[in-house]
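Residue numbers (the working numbering): 1 to 249.
Please keep in mind that the hints were generated in silico from the structure rather than gathered at the bench.
Every residue gets a Cβ at the ideal spot worked out from N, C-alpha and C, and that includes glycine.
One should not assume that every hint holds.
To be verified - Straight-line C-alpha distance at most 20 Å; calculated EDC-like pairs for lysine to aspartate or glutamate: (1) K167 / E156; (2) K180 / D153; (3) K122 / E110; (4) K180 / E212; (5) K239 / D192; (6) K102 / D153; (7) K102 / E184; (8) K34 / E13; (9) K117 / D166; (10) K180 / D65; (11) K211 / E132; (12) K116 / E156; (13) K211 / D199; (14) K16 / E67; (15) K122 / D183; (16) K146 / E156; (17) K135 / D153; (18) K116 / D153; (19) K34 / E12; (20) K89 / E109; (21) K239 / E212; (22) K137 / E88; (23) K89 / D61; (24) K102 / E155; (25) K239 / D183; (26) K180 / E219; (27) K102 / E12.
Claimed, not checked - Computed spacing ranges between beta-carbons, pair by pair: (28) E8 / P121: 41 to 51 Å; (29) K135 / H165: 43 to 53 Å; (30) V114 / K240: 30 to 40 Å; (31) E219 / V3: 47 to 57 Å.
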Amino acid sequence: MSVSREDEILFEETCKEVLRTERAQNGIGTLGEKTLHAILKKFYEPDISHQEIRIERFVADIFRDEEIIEIQTRAFQSMRKKLEVFLEKYPVTIVYPIIHTKWLYWIDEETGEVSKKRKSPKTGTTYDAYYELYKIKSFLTHPNLKLCLVLLDAEEYRLLNGWSHDKKRGSTRYDRIPTKIVDEFFIQGTKDYTCMMPDVLPETFTSQDFKEAGNIAIETARLALNILTYTGTVNRVGKKGNTILYTRS
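All chains, full assembly: derive it from the sequences and hints.
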């Protein structure tokens, strides 16, 4: 684990401070990931004079010491034009939060009642980042780009407005409130992507091998290998029938 006890304490204090402000102004949460974004922005840069800095026609979440930090909770495709401008002039770190352990709350829109929390059976991992990274694939090998995948425990509030009989399927996420920082993974270069690969793989492997070793969906494994091939982390070395064979670089 790369997170120190000091960072754990700092993160907990940051959560409490931001939540005091947010709840005083907006109640439980703020639609649009504002709480999660605000906590991460304050954690990575407490000095507000370095936050929300205009650079040409865009605004950087954090700009200090000639470096940019962007907090991106989703929709990486919206960053493309901004990255084109920022990366030409400055080192850029994209911070992407992944929820490791999640506690769910449901909000009844009619009564405002909030359910008791329930632990989600899903555990978030670095593999969860592949879907968003694919949207900025062409930037991943840029020498000025660094990624920070941060694993968090969090409480998620959802509105009971879905299409299923219990109104949960297709429901709207209202807010995510982090409670603990679990780990950080920094990626800047081919070798660093190994944190997004299974520890144990055959010397020559397929997407099915990757799927089984990582305990992930086959679609995620194929997407992962597409990105890992592009970044030079793995190599395609041939085929067995219609199945592509890979090795680690």
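| message | Of all the hints numbered above, which does this structure not satisfy? Sort the numbers upward. | response | 3, 4, 5, 10, 14, 16, 17, 20, 25, 26, 28, 29, 30 and 31
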